[in-house]
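Undergrad: In case you want the letters, here they are:
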Amino acid sequence: MNENISRLMDGEIDATELDAVCVALKRHDAMVTWTCYHVIGDAMRGSGGPREGFAARFASRFAEEPTVLAPAPLRGRPLAIATWGWAIAATLAAVTVVGWTASSLVGETPAAVAKAGEATAVSAARVRPSTIPADYLLAHQEYSPGASIRGVGPYVRAVATQDGDRP
Amino acid sequence: MASTRLRRRLFVQRIFVQRVALAPVAWALLTFASSARADDAAQWVARVAHAARQLNYVGTIVYQQGARVETSRLTHLSDNGREYEKLVNLDGPAREVVRTLGEVRIYYPDAKMVRIEPRTFRNAFPSLSAEQQKSLTQFYDFHLVTGERVGGHAADVAIFEPKDGLRYGHRFWADTATGLLLKARVMNERGEVVEQFAFTDLTVNAKIEPAMVEPTFAAVPPDWTVKEASAGDVAPNETGWAVTRVPPGFVKIMEGFRKLRGRRDPVAHLVFSDGLVAISVFVEPYTTAPAPTGMTHQGGLNVYSIRQDDHLVTVLGEAPGATVRLIGNSVSHR
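From first to last, the protein sequence lines stand for chains A and B. Mapping to this note's numbering: the first sequence position 53 is 53, numbers consecutive. Mapping to this note's numbering: the second sequence position 308 is 475, numbers consecutive.
This is chain A alone, in the form it adopts within the complex (with noise of 0.2 Å):
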């Protein structure tokens, strides 16, 4: 699983898989290993989060601002509620962030985005069989540990074949 997220952020996974690895990364470790791989990234690039020291400098630099006390004026009022609209749905967009970037991410790699939409083509394209062929179905229940598991299950399937178990 991590080498395909770390295929899936260089945009190196191919539409077969990439159903599968979004799907995978709604797991929580997948999505710790996700996050990981970034920081590791951009702490690489240097392009990482802040740099050490910052909540002191930010501390001083607050403490020097000069505290208005003077009420706003009545025309402010739109702006601030637009303002405070948009504090929250900053907060919302940090708590999804790391699910948005996956999904972003996904969409901006112009390879993935390509091969997923030829796939979508493809699969359009070809006829879907209809129901599922009883030979098969009988041939691969004899091997299936599930099918033990369930006794009988498995013929309550090809039971149910209504249609697809004629020859």
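Think of the hints as simulated: they come from the structure by calculation, not from any bench. One thing to keep in mind: the hints can contain errors.
What the hints assert, rightly or not - Below 30 Å or equal to it, Euclidean Cα-Cα: the simulated DSS-like pairs (lysine-lysine) are:
1) B:Lys301 / B:Lys419
2) A:Lys26 / B:Lys301
3) B:Lys279 / B:Lys426
4) B:Lys279 / B:Lys301
5) B:Lys279 / B:Lys394
6) A:Lys26 / B:Lys419
7) B:Lys426 / B:Lys394
8) B:Lys330 / B:Lys419
9) A:Lys26 / B:Lys374
To be verified - Counterexamples of contact, computed for chain A against chain B with all Cβ distances above 10 Å:
10) Asp29
11) Ala56
12) Ala59
13) Tyr136
What the hints assert, rightly or not - Stretch-level coverage of chain A by chain B, calculated; a stretch enters the list once three of its residues show a Cβ under 8 Å from a Cβ in chain B:
14) 8 to 19
15) 137 to 144
Note that CB positions come from ideal geometry on N, CA and C, so glycine has one too.
Assemble chain B onto chain A, guided by the hints.
TA: Leaving out everything else, chain B in the frame of chain A:
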């Protein structure tokens, strides 16, 4: 380039895990916990499979997939280890499946047809290999919950939650007293039920007379068509076909050629399993009649067919569509 980047990422991640996140003691504990669980899961699976084979029972099964619900009546007789079974569906066109020693007959009265499968139904529990036992807990979170109830029977629930998006989640409810499976559910990655079946009424250790497991049509009426699959089971063999991208945890448990009805040439059959489910790969010459290709599914079973030059590849398994497709697209000549 990419591999260098990957290696760097893996390296940094490993250093982080080793030095910061996990002390060696924690590692040891984790390893111990997961190996203990592997035994639990494998033992549970073995007990349930054994019960399904060894007990006498009769009951009504409700099978649901999507919006479709069907009921059938199941009777199972175990006579000194020899299994006899009869399954009759109660809705729609009548179907009857009768399993006797090494043979499965499926009756279609409306089509005046009977199919005879000479299969032994190897399903007589294939004991899990050590590797498969490990997969059970390496790729699924396994929990056992006691004290539930299904169809009036006290039941234990075995929960197999997939750790990746490549497999479905499974829940099995087994009779606490006998280990017989009472209910089974397959769930997709969104937690939606893909398919499930449950006994609504069930009598375990029932008195089953041999007549109860005999086919309704003891002698096949003369105007019926008999479709008999050619004898001779699959011959284990190298098929010359390989799957280059097998999802983690899946190992090849069988490879060989199989004669399928209506096909001149033997069909290559490869089976991969993660200990809980199996995925079959069939490869056969592409005939002049165009075969349907693409994805389809029935409940928890996904099927993907793709033409590969002059061959038709069909992948069928109890796994999500993406997994089945992944395998189908990576089948190649060895």
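Undergrad: Determine for every hint whether it applies to the structure shown.
TA: Results for each hint:
1. Between lysine 301 of chain B and lysine 419 of chain B, the direct Cα distance comes to roughly 15 Å. Compliance with the 30 Å bound is thereby established for this hinted pair.
2. Straight-line distance between C-alpha atoms of lysine 26 of chain A and lysine 301 of chain B comes to about 24 Å, which keeps the hinted pair within the 30 Å bound.
3. Our distance criterion of 30 Å between C-alpha atoms is met by lysine 279 of chain B and lysine 426 of chain B, whose separation comes to about 24 Å.
4. Using a Cα cut-off of 30 Å, the hinted pair lysine 279 of chain B and lysine 301 of chain B is violated, with the two alpha carbons roughly 47 Å apart.
5. At most 30 Å may separate the alpha-carbon atoms for a hinted pair to count; lysine 279 of chain B and lysine 394 of chain B meet this at roughly 11 Å.
6. With a C-alpha separation of about 28 Å, the suggested pairing of lysine 26 of chain A with lysine 419 of chain B holds against the 30 Å cut-off.
7. Taking the CA atoms of lysine 426 of chain B and lysine 394 of chain B, the gap is about 14 Å. The hint holds against a cut of 30 Å.
8. For the suggested pair lysine 330 of chain B and lysine 419 of chain B, the alpha carbons sit about 20 Å apart, so the restraint of at most 30 Å is met.
9. Our distance criterion of 30 Å between C-alpha atoms is broken by lysine 26 of chain A and lysine 374 of chain B, whose separation comes to about 50 Å.
10. Aspartate 29 of chain A, annotated as away from the interface, has a beta carbon of chain B within 10 Å; the closest lies near 8 Å.
11. The Cβ of alanine 56 of chain A sits about 24 Å from the closest Cβ of chain B, beyond the 10 Å cut-off, so the non-interface label holds.
12. For alanine 59 of chain A, the shortest C-beta to C-beta distance to chain B comes to about 28 Å, beyond the 10 Å cut-off, and the non-interface label holds.
13. With a least beta-carbon separation of about 5 Å from chain B, tyrosine 136 of chain A fails to lie farther than 10 Å from that chain, contradicting its non-interface assignment.
14. Residue count for the stretch 8 to 19 of chain A with a Cβ under 8 Å from a Cβ of chain B: 5. That meets the three needed, and the coverage hint holds.
15. Using a Cβ-Cβ cut-off of 8 Å, 8 residues of the stretch 137 to 144 of chain A lie near chain B, which meets the minimum of three, so the contact claim holds.
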